[in-house]
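Here's the letter readout for the chains.
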Amino acid sequence: MDRRQFLKGATIAGGSLLVPRMASAHSERRARRLTILHTNDWHSRIDPFPDDGGRNANQGGAIRRASLIKEIRSVEGDVLLLDSGDIFQGTPYFNFFLGEVEMKLMTEMGYDAATIGNHDFDGGIQNLADQLRHADFPLLSSNYDFNGTPLDGRTEPYRIFERGGVRIGVFGLGIELAGLVPSELYGSTRYLDPIERGNETAARLRTDEGCDLVICLSHLGYRYRDEKVSDVRLAAASRNIDLILGGHTHTFLDQPVTVMNLEGQPTIINQVGFGGLRLGRLDVVFPKSGEVKCVACSNLRV
Amino acid sequence: MIQYLSTGLTVLSFCLLLAGCQRPLGPAAIQPQFYAITAAIEPDSTEGVATRVAGIIDPYADQLSEAMNRVIGEVALPLVKAQPESSLGNWTADLLLTAARDLFPDYDIAFAVQNYGGLRIAQIGSGPMRVNDIYELMPFDNELVLVEVTGREMTDFVKHTLTDGGWPVSEGLVAIRSRDGMDIRVQGKEVDDEATYYLAVPDYVANGGNDAAMLLDKRQIGSGKMIRDLLIEYAGKTQGPISVESDGSRIKIMD
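For the record, the sequence lines run as chains G and C. If you use the working numbering, the first sequence corresponds to residues 1 to 302, in order. If you use the working numbering, the second sequence corresponds to residues 1 to 255, in order.
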């Protein structure tokens, strides 16, 4: 099958399918580019949704997602694959096998990192720690203090990736657990202020670690009617966060949303629903100075 | 520093301008899109991914299929989840009330409540209802409990469920919120602030989950039965096809 036809069939939004690699005879003049793929709240949806006539009938499924990711990887050299939490809970696979299948599948798909969602505690914090033996990718959290819990030393606040000459700092933020998750499931985990911890971590990644791109994997939720901290509130109160890849609220954003941060600069928020129904893709291009910035955009300096 | 860029083209693009002397790279642009994961994606068998992924899943799926595919009932009208009231919510809460009355014959149970967020699928379609449907509806290992509250505490709790958009409730409760305030009827009667009431709820809610802090530390009577197991059992006892219509008479939000 023709590769581009295959991908075209899989795409319903975005306009442009694959951004062609910057054509250039001189590789050193070529723009540096990176493809970010992301999911959130896939909730143990390993098989496609049941064929019950419902809105999501026969959609999703791990085999299709793995095939699509593999296909994109074969076209794009530098891919970062990320998840924003709530990997667990929602189908009998989790009730009976406690997340083992999910972790094995994400490892097979080559996930680079994930953050922790509230439902990832549903089998208890010891279970989450146990399932990490099936995961060949880190769980990132900058605002859960796991001191004295089974996850102590098993997660990382952030990780830095080098892809195609781009230095990417990725960190994780989780939602407040009290009132949401039964306390016996998360034990003595302490929830720390996500905005404070997020800004601290992002500043460190940007300044001390010299990252070109700072990504927050968030399970805070996209937006709330009340004062509760969300991706939108985080973005507005942030510095140094370029992208927030969110989860929790199962929000289907057909386009990423831009929110001005504390410095009056845009932070881009994205979220791709739930249940493995969508795979998000963000192509990031870092042109050399003087080059066209990207395939279909021009520079509109504010 | 990031600059937002867009174009007149069909592709909306976002550009990051990463300026400043510590930045090794120039301004970046971000081009977004998403893929819908549908049957249009053919398994990539040539590269072996589909085979490898299926090889991971199959041993687990084989262990589940017999128990999960067991048919427990027939759905005549799709059971749909919605707020403030819905067929799926009414069906679930009524089964919980029936189960609670069997489990706690010595208590006069006012009504049953299930938190809206605790129902995890949008609908159960018409046709055979399988054990798998109930696992997906109620994946949590929540126990059905009775919680003992005063009329005043019950009113606070019911107000909370309406603030959250309306939770599934069984017959026995009518709650109407309008500009004039809340009108709550239990078994057709006004609430007596000082009287004792017993509500059948998931232990998650009784323990203050979904921000039901007003129930924290109230007396609980455990059933030792998981809600999921009770739904499977009581759905299986239903005579004839399941045909539930929600007429909005239990929860009304009019303000």
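I should point out that these hints are in silico values taken from the structure, not numbers from a laboratory. Incorrect hints may have been included.
As the list claims (entries may be wrong) - In silico DSS-like pairs for lysine-lysine, Cα to Cα no more than 30 Å straight-line:
no., chain 1, residue 1, chain 2, residue 2
1, C, Lys237, C, Lys81
2, C, Lys252, C, Lys159
3, C, Lys225, C, Lys159
4, C, Lys189, G, Lys228
5, C, Lys189, C, Lys218
6, G, Lys228, C, Lys252
7, C, Lys81, C, Lys189
8, C, Lys81, C, Lys252
9, C, Lys159, G, Lys228
10, G, Lys228, C, Lys81
11, C, Lys218, C, Lys159
12, C, Lys189, C, Lys252
As the list claims (entries may be wrong) - Selected chain C positions facing chain G (in silico; Cβ < 7 Å):
no., residue
13, Ala29
14, Gln31
15, Val49
16, Ala50
17, Ile57
18, Phe104
19, Gly117
20, Leu119
21, Gln123
22, Ile242
Even for Gly, the Cβ is constructed at its ideal location relative to N, Cα and C.
Hint-by-hint comparison with the structure:
1. Lys237/C - Lys81/C: holds (22 Å)
2. Lys252/C - Lys159/C: holds (12 Å)
3. Lys225/C - Lys159/C: holds (27 Å)
4. Lys189/C - Lys228/G: At roughly 36 Å apart (the allowed maximum being 30 Å), lysine 228/G and lysine 189/C break the hint.
5. Lys189/C - Lys218/C: holds (23 Å)
6. Lys228/G - Lys252/C: Holds. Lysine 228/G to lysine 252/C sits at ~26 Å (cutoff 30 Å).
7. Lys81/C - Lys189/C: holds (28 Å)
8. Lys81/C - Lys252/C: holds (16 Å)
9. Lys159/C - Lys228/G: holds (19 Å)
10. Lys228/G - Lys81/C: Roughly 25 Å separates the two Cα atoms, so the pair holds.
11. Lys218/C - Lys159/C: holds (17 Å)
12. Lys189/C - Lys252/C: holds (17 Å)
13. Ala29: holds (3 Å)
14. Gln31: holds (4 Å)
15. Val49: With a minimum Cβ separation of about 4 Å from chain G (threshold 7 Å), the hint on valine 49/C holds.
16. Ala50: Cβ of alanine 50/C sits 5 Å from chain G, so the hint holds.
17. Ile57: holds (6 Å)
18. Phe104: violated (22 Å)
19. Gly117: Hint violated; glycine 117/C Cβ to chain G Cβ min 9 Å, cut 7 Å.
20. Leu119: The hint is violated - leucine 119/C has no Cβ within 7 Å of chain G, the shortest such distance being about 12 Å.
21. Gln123: OK, holds: glutamine 123/C within 7 Å of chain G, min 5 Å.
22. Ile242: violated (13 Å)
When each numbered hint is compared with the structure, violations occur for hints 4, 18, 19, 20 and 22.
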